[in-house]
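Trainee: Next come the chains, spelled out residue by residue.
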Amino acid sequence: MVNNNRSTYAARPMDTLKNSLEKNVMIDVRGSRSYSGILQGYDVYMNLVLKNVSETINGENRGVFEKMLLRGDNIIFLSPSGGD
Amino acid sequence: MVNNNRSTYAARPMDTLKNSLEKNVMIDVRGSRSYSGILQGYDVYMNLVLKNVSETINGENRGVFEKMLLRGDNIIFLSPSGGD
Amino acid sequence: MVNNNRSTYAARPMDTLKNSLEKNVMIDVRGSRSYSGILQGYDVYMNLVLKNVSETINGENRGVFEKMLLRGDNIIFLSPSGGD
Amino acid sequence: MVNNNRSTYAARPMDTLKNSLEKNVMIDVRGSRSYSGILQGYDVYMNLVLKNVSETINGENRGVFEKMLLRGDNIIFLSPSGGD
Amino acid sequence: MVNNNRSTYAARPMDTLKNSLEKNVMIDVRGSRSYSGILQGYDVYMNLVLKNVSETINGENRGVFEKMLLRGDNIIFLSPSGGD
Amino acid sequence: MVNNNRSTYAARPMDTLKNSLEKNVMIDVRGSRSYSGILQGYDVYMNLVLKNVSETINGENRGVFEKMLLRGDNIIFLSPSGGD
Amino acid sequence: MVNNNRSTYAARPMDTLKNSLEKNVMIDVRGSRSYSGILQGYDVYMNLVLKNVSETINGENRGVFEKMLLRGDNIIFLSPSGGD
Numbered sequence: 001m002v003n004n005n006r007s008t009y010a011a012r013p014m015d016t017l018k019n020s021l022e023k024n025v026m027i028d029v030r031g032s033r034s035y036s037g038i039l040q041g042y043d044v045y046m047n048l049v050l051k052n053v054s055e056t057i058n059g060e061n062r063g064v065f066e067k068m069l070l071r072g073d074n075i076i077f078l079s080p081s082g083g084d
Numbered sequence: 085m086v087n088n089n090r091s092t093y094a095a096r097p098m099d100t101l102k103n104s105l106e107k108n109v110m111i112d113v114r115g116s117r118s119y120s121g122i123l124q125g126y127d128v129y130m131n132l133v134l135k136n137v138s139e140t141i142n143g144e145n146r147g148v149f150e151k152m153l154l155r156g157d158n159i160i161f162l163s164p165s166g167g168d
Numbered sequence: 169m170v171n172n173n174r175s176t177y178a179a180r181p182m183d184t185l186k187n188s189l190e191k192n193v194m195i196d197v198r199g200s201r202s203y204s205g206i207l208q209g210y211d212v213y214m215n216l217v218l219k220n221v222s223e224t225i226n227g228e229n230r231g232v233f234e235k236m237l238l239r240g241d242n243i244i245f246l247s248p249s250g251g252d
Numbered sequence: 253m254v255n256n257n258r259s260t261y262a263a264r265p266m267d268t269l270k271n272s273l274e275k276n277v278m279i280d281v282r283g284s285r286s287y288s289g290i291l292q293g294y295d296v297y298m299n300l301v302l303k304n305v306s307e308t309i310n311g312e313n314r315g316v317f318e319k320m321l322l323r324g325d326n327i328i329f330l331s332p333s334g335g336d
Numbered sequence: 337m338v339n340n341n342r343s344t345y346a347a348r349p350m351d352t353l354k355n356s357l358e359k360n361v362m363i364d365v366r367g368s369r370s371y372s373g374i375l376q377g378y379d380v381y382m383n384l385v386l387k388n389v390s391e392t393i394n395g396e397n398r399g400v401f402e403k404m405l406l407r408g409d410n411i412i413f414l415s416p417s418g419g420d
Numbered sequence: 421m422v423n424n425n426r427s428t429y430a431a432r433p434m435d436t437l438k439n440s441l442e443k444n445v446m447i448d449v450r451g452s453r454s455y456s457g458i459l460q461g462y463d464v465y466m467n468l469v470l471k472n473v474s475e476t477i478n479g480e481n482r483g484v485f486e487k488m489l490l491r492g493d494n495i496i497f498l499s500p501s502g503g504d
Numbered sequence: 505m506v507n508n509n510r511s512t513y514a515a516r517p518m519d520t521l522k523n524s525l526e527k528n529v530m531i532d533v534r535g536s537r538s539y540s541g542i543l544q545g546y547d548v549y550m551n552l553v554l555k556n557v558s559e560t561i562n563g564e565n566r567g568v569f570e571k572m573l574l575r576g577d578n579i580i581f582l583s584p585s586g587g588d
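Chains as they are written, first to last, in our numbering: chain A, 1 to 84; chain B, 85 to 168; chain C, 169 to 252; chain D, 253 to 336; chain E, 337 to 420; chain F, 421 to 504; chain G, 505 to 588.
One thing to keep in mind: the hints can contain errors.
[Said to hold, decoys possible] Simulated DEER-style distance windows between Cβ atoms:
1) G/Val568 x E/Ile393: 17 to 25 angstroms
2) D/Ser333 x G/Gly563: 22 to 30 angstroms
3) G/Ser558 x E/Gly367: 20 to 28 angstroms
4) F/Ser501 x G/Glu570: 38 to 46 angstroms
5) G/Asp547 x D/Lys275: 55 to 63 angstroms
6) A/Arg62 x C/Glu228: 17 to 25 angstroms
7) C/Gly231 x D/Asn313: 16 to 24 angstroms
8) G/Glu570 x D/Ser306: 49 to 57 angstroms
9) D/Glu312 x E/Glu402: 52 to 60 angstroms
10) E/Asn397 x C/Asn192: 18 to 26 angstroms
11) G/Ser585 x B/Ser116: 54 to 62 angstroms
12) B/Asn136 x G/Ser585: 55 to 63 angstroms
[Claimed, not checked] Here are the simulated BS3-like pairs of lysine-lysine, each with C-alpha atoms no more than 27 angstroms apart in a straight line:
13) F/Lys438 x D/Lys303
14) G/Lys527 x E/Lys354
15) A/Lys23 x B/Lys102
These are calculated hints, taken from the structure and not from any lab test.
All residues carry an ideal CB built from backbone N, CA and C; glycine is no exception.
Just chain A, same shape as in the assembly (with noise of 0.2 angstroms):
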C-alpha cells in the first residue's frame, strides 16, 4: 500500500498552510491558549498572521482581535476548519 517513491506525494506541512490562506483556522498554543481566524499569511518559523481572532485561555473567551501575529514558537498544532 506504500509505495517505495510514495515520499514525493506526501504532503508537506507547509503546503497545509498554504492551502489554508484566507480560510479560518484554529490553533493551538502552549499555555493552554487557542486562538481561531482567517489566516492570512505565514513565514518559514509558522509565525502566522490571522484576521478576526477570537482567544480562548484555559477554555474561556478571553479576547477579540482584528488582526493578530502569533509566534510561531508557542505553536502545538493547526487545524483548518475547512478540510483543505
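Starting from the known structure of chain A, fit chains B, C, D, E, F and G onto it as the hints suggest.
Mentor: Coordinates of chains B, C, D, E, F and G only, in the frame set by chain A:
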C-alpha cells in the same frame, strides 16, 4: 477559491510589524504578562522597541515605561490596535 | 551479534515516518497530550500533517480534527499502529 | 501616517542598548527577577555588563552588586530610566 | 594515570548508540517517562527507533508499543541493558 | 554625555569573564542555585571552570567542590566579588 | 594580578572533561537528578559516556547502571571527584 500563486500575495508576518510602526500595539508575553504601547522599531528576532508602555501581569496594572526594549523570545502574539 | 558495519543497516528515524505514510500513528506530545490519526506528510523538523485526528488531553478525549499540522517541537514519540 | 519607507527610520532594538550606555536601566528577567543598574556594555546576544546593581526577586530587595554580567537569554525587557 | 593523547581513545557518545544496536536499552525522558526496548536505529540528533517498547510514566507501566520513534530532544540518558 | 562612538569603548561581556580570571565570582543559576568560587577558565558559551566552589540551593549551603565545570546554559548572572 | 595575556593560560572547560577521563565524576542534572560514575568519553555537546553509574533523584538512590550515555543538554555542572 485558492489559486496556486496565492502565497505570493499572502501577508508576511514581518509586514505586520512594519505596518504597525508608530501605532499602538498590544503584546502578550509568556508568564501572564501583557504590554501595550507604541511600536517604534523591531528586528528579525521580533525584539521590539516600544514607547509609552503599560504593563499588565496576571491582569493587574504594574508599571508604566517611557521606553522599552522587549525581547522577541518570550512573545506569544502582537496585535495592532487599529487594524493594519 | 553486532557486526562492525551494522550501522549501515540500522533503521533511520526518518524512515519510520516514511514507512508510516497513509497509516495510522499515535503521537505523544508534551503537556499530557496525545494525537491519533493518519500520517499524510512530514518534514525534517518532524512537523506532521495528519488526517482524521483524535485528541486526548490528560487521558480525556477532546477534539476530532479532519486535518492537522502538528509541530515537531513538542513531540515526545510517534508510534505506528500496525508495525512498520 | 506611515510612509512606505518608514522602516528605514524605525528605532533599532540594538540602538536602545547603545543609547543607554552609562545610563541607569531596569531589566526584568524570567523567574520574577528584576535588576536595576548602570549599563556599561552589551553584545549581540543581549548579554549585559552592569554596574551598581540592585536585585529584586519576587518584589523583595535581595542583593547589591558592584558589577554584574547578566545573560541575555533570560531577559524579558530592558527599560532605560530616563528616556533615550 | 591519564596520558596526554588519551582523548583519542575515549569512548564516543555516538558509539554507545552504535554498539547498542539490536540490544535492549533503557531510556529516561523528561516528564518522569521511561522507555525500555530494542534499539533499531538512531540519527545525530539522538532520535531513536525502538522495537518492543514498554513505557513507564511516574513509575507506572503504561503502554506497550511494537515500534516507536522517540525524539532525542527529551532524552536524559540511555543505558544499554547488558553492558557494551 | 554619550558620544556617538562610545560603543567602541563599552565594556564587552566576555571581558568581564577575562578580567575575573583567578578571582572570586558569584554565579546565580536557574533553579534557585548559586555558586561561589574562583574562576579558572571559560569559553564562548559561558561554560565556566571554577575552583573551591561553594554551592547554595534555595538559600541552603549544600556542597563544596574542589573543581567544577559549570554549563553556561543555566547561568542567570555572574558577579565578580571585588569589582573588575 | 591579571596580566593581559592571561586568557591564553586559562583552563578551558573542555579540558576539564579531558582531564577527567577514566576518573570518577559527579554530575548534577536538571530535575533534581545527580549521577556519579567513571567518565569514559564525551563530545562537544557535553554528551557523556559513563561507567558504573549511581543515580540519585531528589536525594534518593535510585538506580545503578553499568553504562550510560548522558545527554549534555540537561547538565548543570560536572565535578571531578579527585581534583584535576
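Trainee: Each hint needs a verdict: does it hold in this structure or not?
Mentor: Results of checking the hints against the structure:
no. : hint                                    : in the structure
1   : G/Val568 x E/Ile393: 17 to 25 angstroms : holds, 22 angstroms
2   : D/Ser333 x G/Gly563: 22 to 30 angstroms : violated, 44 angstroms
3   : G/Ser558 x E/Gly367: 20 to 28 angstroms : holds, 23 angstroms
4   : F/Ser501 x G/Glu570: 38 to 46 angstroms : holds, 43 angstroms
5   : G/Asp547 x D/Lys275: 55 to 63 angstroms : violated, 43 angstroms
6   : A/Arg62 x C/Glu228: 17 to 25 angstroms  : holds, 22 angstroms
7   : C/Gly231 x D/Asn313: 16 to 24 angstroms : violated, 47 angstroms
8   : G/Glu570 x D/Ser306: 49 to 57 angstroms : holds, 51 angstroms
9   : D/Glu312 x E/Glu402: 52 to 60 angstroms : holds, 54 angstroms
10  : E/Asn397 x C/Asn192: 18 to 26 angstroms : holds, 23 angstroms
11  : G/Ser585 x B/Ser116: 54 to 62 angstroms : violated, 43 angstroms
12  : B/Asn136 x G/Ser585: 55 to 63 angstroms : holds, 57 angstroms
13  : F/Lys438 x D/Lys303                     : holds, 17 angstroms
14  : G/Lys527 x E/Lys354                     : holds, 24 angstroms
15  : A/Lys23 x B/Lys102                      : holds, 24 angstroms
Hint compliance for this structure: hints 2, 5, 7 and 11 are broken, all remaining hints hold.
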